[in-house]
Amino acid sequence: MRVALFVTCVNDTLFPGTGKAVVRLLERLGCTVDFPMEQTCCGQMHFNTGYRADALPLARRFVTAFGGHDAVVVPSGSCAAMVREWYPSLGVTPPGGVFELSEFLVDVLGVTDVGAYFPHTVTYHPTCHSLRSLKVGSRPLDLLSAVRGLTLVPLGGAEECCGFGGTFSLKNTAVSAAMCADKVRGVLDTGAEVLCAADNSCLMHIGGALSRQRTGVRVMHLAEILASTEEDPS
Amino acid sequence: MSGTFVGMPAFPEASSSAVSDAQLRHNLRKATHTIRAKRAAVVGEQPDWAALREAGAAVKDRTLRHLDVYLERLEAAVVAAGGQVHWAGDAEEANRIVVDLVKATGETEVVKVKSMATQEIDLNAALASAGIRAYETDLAELIVQLGDDWPSHILVPAIHRNRSEIREIFLKHMASWGRPAPADLKDDPRALAEAARLHLRERFLSARVGISGANFAVAETGTLVVLESEGNGRMCLTLPETLISVVGIEKLVPTWADLEVFMQLLPRSSTGERMNPYTSMWTGATEGQTFHLVLLDNGRTSVLSDEVGRQALRCIRCSACLNVCPVYERAGGHSYGSVYPGPIGAILTPQLRGLVGPLEESLPYASTLCGACYEVCPVAINIPEVLLDLRSKVVARGHRGERLAMGAARRVLDSPRWLSLAQRSAGRLRRWTPRRLPGPLSAWSDTRDVPVPPKQSFRDWWAER
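Chains U and W are the protein sequences, given in the same order.
Residue 0 is where the first sequence starts when you use numbering that gives the first Met the number 0, and the numbers rise one by one after that.
Residue 0 is where the second sequence starts when you use numbering that gives the first Met the number 0, and the numbers rise one by one after that.
Hints in this document: simulated from the structure, not taken from any laboratory.
It is possible that some hints are incorrect.
Straight-line Cα separation of at most 30 Å, DSS-like style, residue types lysine-lysine; simulated pairs [said to hold, decoys possible]: (1) W:454 with U:19; (2) W:29 with U:134; (3) W:37 with W:185; (4) U:170 with U:134; (5) U:134 with W:392.
Reference listing, derived: stretches of chain U covered by chain W, where coverage requires no fewer than 3 residues with Cβ under 8 Å from a Cβ of chain W [as the list claims (entries may be wrong)]: (6) 5-14; (7) 47-53; (8) 168-179.
Built from N, CA and C at the ideal position, the CB exists for glycine as well.
Kindly generate the complete structure, drawing on both the sequences and the hints.
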């Protein structure tokens with residue numbers, strides 16, 4: 000199956016390892032991955048901060064870049080939600096087959112066991128837009144549960160927002176930091192070595208605090224755990 | 000809206016002092032999580048909740064579409080049942096009407112049922128300046144009034160207080176409002192409730208004017224409906240000779256069949272109960288009593304004219320959105336600078352007052368857009384959608400620095416070539432990534448490490464592959 004990757008500007012610029020993991024994972028599952036070079040950003044930051052006129056050209060660029068593809072995979076719940084849920088309010092019709100990574104694996108490819116190996120204790124934070132906009136439900140947990148060697152531990156208060164919220168983290172920094180502190184406490188209470196999520200922006204926020212506090216817990220995108228194998232560990 | 004909150008700082012400043020109040024954080028966390036769990040349990044057991052929610056939204060939308068018709072129908076029905084109807088365009092007019100009505104009775108004291116509309120217009124202050132003392136009779140409103148405080152929650156106005164603080168307030172202030180609290184008052188809920196009961200009892204028996212709001216007004220019969228948990232509201236609604244009800248024009252439902260939907264939605268969403276304990280309904284005036292209905296606009300028709308924002312008028316003031324909001328839980332109700340705090344306040348206050356100042360402009364940003372509020376709203380108000388729409392109105396009004404930064408970011412992001420150049424520069428300078436970021440970005444690095452850019456961006460890796 001041919002599939003186009005929308006890597007997202009955050010992953011492209013700051014977390015290329017996530018994009019590489021998606022490519023590795025999808026190719027292992029028999030897909031041919033395209034990366035349209037004219038892609039940049041979905042426009043979410045501008046749109047969510049109120050700058051609709053600035054978001055519009057970015058939304059149009061997305062449609063031009065991905066319009067001809069049957070399936071577009073996005074390793075970010077909030078970017079996929081931006082395209083599917085909010086493009087219409089900009090007057091832009093989103094392309095048909097835009098999937099968040101876990102949706103694509105479970106619904107389109109029909110797999111939950113992707114043949115991954117990751118011998119670590121992991122807890123999973125369901126990011127708000129995956130959970131409440133896309134309603135991905137248990138898909139990421141089903142995928143993680145099928146990973147060999149992985150011990151999945153439940154996160155207390157998992158469905159509570161981590162406090163990132165894009166520019167919220169800068170505009171309302173005190174509340175954002177307080178929410179993050181509670182999330183960090185929840186993560187530490189699990190005793191997990193790795194905090195996993197399907198959105199690197201939330202992980203940049205929680206991970207930034209985990210690292211600042213020298214907790215020794217690392218954050219990993221879902222794609223990186225699913226791409227990991229015995230021969231080629233992440 | 001009222002003058003109570005005039006001069007309040009914008010949300011980021013107000014909430015940052017609330018965040019550092021450990022006692023407040025503890026009180027709020029405990030209280031909101033308790034109600035949240037109760038609500039989730041009773042909503043979960045209702046098999047047709049999704050359909051009820053849809054019906055609630057549809058009834059409210061239909062009512063708002065034909066609001067003129069239903070308002071006149073309500074007026075005619077109330078008048079036919081012996082009540083009098085007054086129309087108030089804004090807070091000032093509503094206060095003037097109520098003050099004049101109370102003055103006409105010759106009374107200088109009134110008892111009040113818990114009401115958001117009268118809080119919104121700051122009626123108590125208007126009455127006080129006319130020499131009329133208003134006594135709040137809802138337990139939580141009593142705590143707020145005695146403590147010379149502000150409500151911080153729609154349903155539980157004293158949610159920011161714990162029982163030892165309440166004991167202090169009762170001991171210190173009850174005496175100046177009537178029967179004092181017993182000197183040996185303990186802080187257990189029973190003793191506190193008993194002290195309040197005795198204090199209020201003499202008020203109920205002596206008051207000759209009662210003032211209320213209403214949760215619903217049924218247009219077909221002119222019936223007003225108040226839901227409460229203590230029975231204190233019913234005392235105020237039945238004992239006095241004169242009853243004055245101040246009701247927002249969006250509180251209408253056309254028929255009793257429509258009301259039935261909300262009688263299921265509201266108790267489960269607000270207090271987490273299957274059925275409301277005290278539901279009072281009255282139609283016009285009973286023999287020997289006088290009833291006045293003051294219908295309040297105060298910005299509502301301007302909200303109604305906004306295609307996206309008008310859904311906020313569906314609100315039945317249940318507070319479910321406050322109780323699930325992670326921002327409310329940390330920031331507390333006072334940070335929202337209005338009697339309407341939390342997610343609903345963040346969309347209602349800037350609409351009712353207009354984007355008139357820094358506080359109102361900051362409220363649409365008082366959310367991470369996590370969507371928990373929309374999920375629990377019993378009338379399906381898409382709060383994130385309204386927040387986003389309000390944000391686009393805020394940025395249209397200036398904010399030059401941010402606009403320039405956002406414009407620059409857009410120019411880079413709208414060009415794969417420029418984006419690639421920016422990525423390569425960041426990659427080359429990665430060893431000098433600062434631990435503390437400059438300017439407004441320092442808000443990030445104060446509590447979080449800054450991600451170090453990679454040597455190579457994804458697109459460069461792909462191109463080399």
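Cross-check of the supplied hints:
Between residue 454 of chain W and residue 19 of chain U the alpha-carbon distance is near 14 Å, which keeps this suggested pair within the 30 Å criterion. For the hint pairing residue 29 of chain W with residue 134 of chain U, the CA-to-CA distance comes to about 28 Å; that is within 30 Å, so the pair holds. A distance of roughly 27 Å separates the Cα atoms of residue 37 of chain W and residue 185 of chain W; the hinted pair therefore holds under the 30 Å criterion. Between residue 170 of chain U and residue 134 of chain U, the direct Cα distance comes to roughly 27 Å. Compliance with the 30 Å bound is thereby established for this hinted pair.
A distance of roughly 29 Å separates the Cα atoms of residue 134 of chain U and residue 392 of chain W; the hinted pair therefore holds under the 30 Å criterion. With 7 residues bearing a CB less than 8 Å from a CB of chain W, the stretch 5-14 of chain U meets the requirement of three and the coverage assertion stands. Residue count for the stretch 47-53 of chain U with a Cβ under 8 Å from a Cβ of chain W: 6. That meets the three needed, and the coverage hint holds. Here the stretch 168-179 of chain U counts 12 residues with a CB under 8 Å from a CB of chain W, which clears the bar of 3, and the coverage holds.
When the structure is compared with the earlier hints, no violation turns up for any of them.
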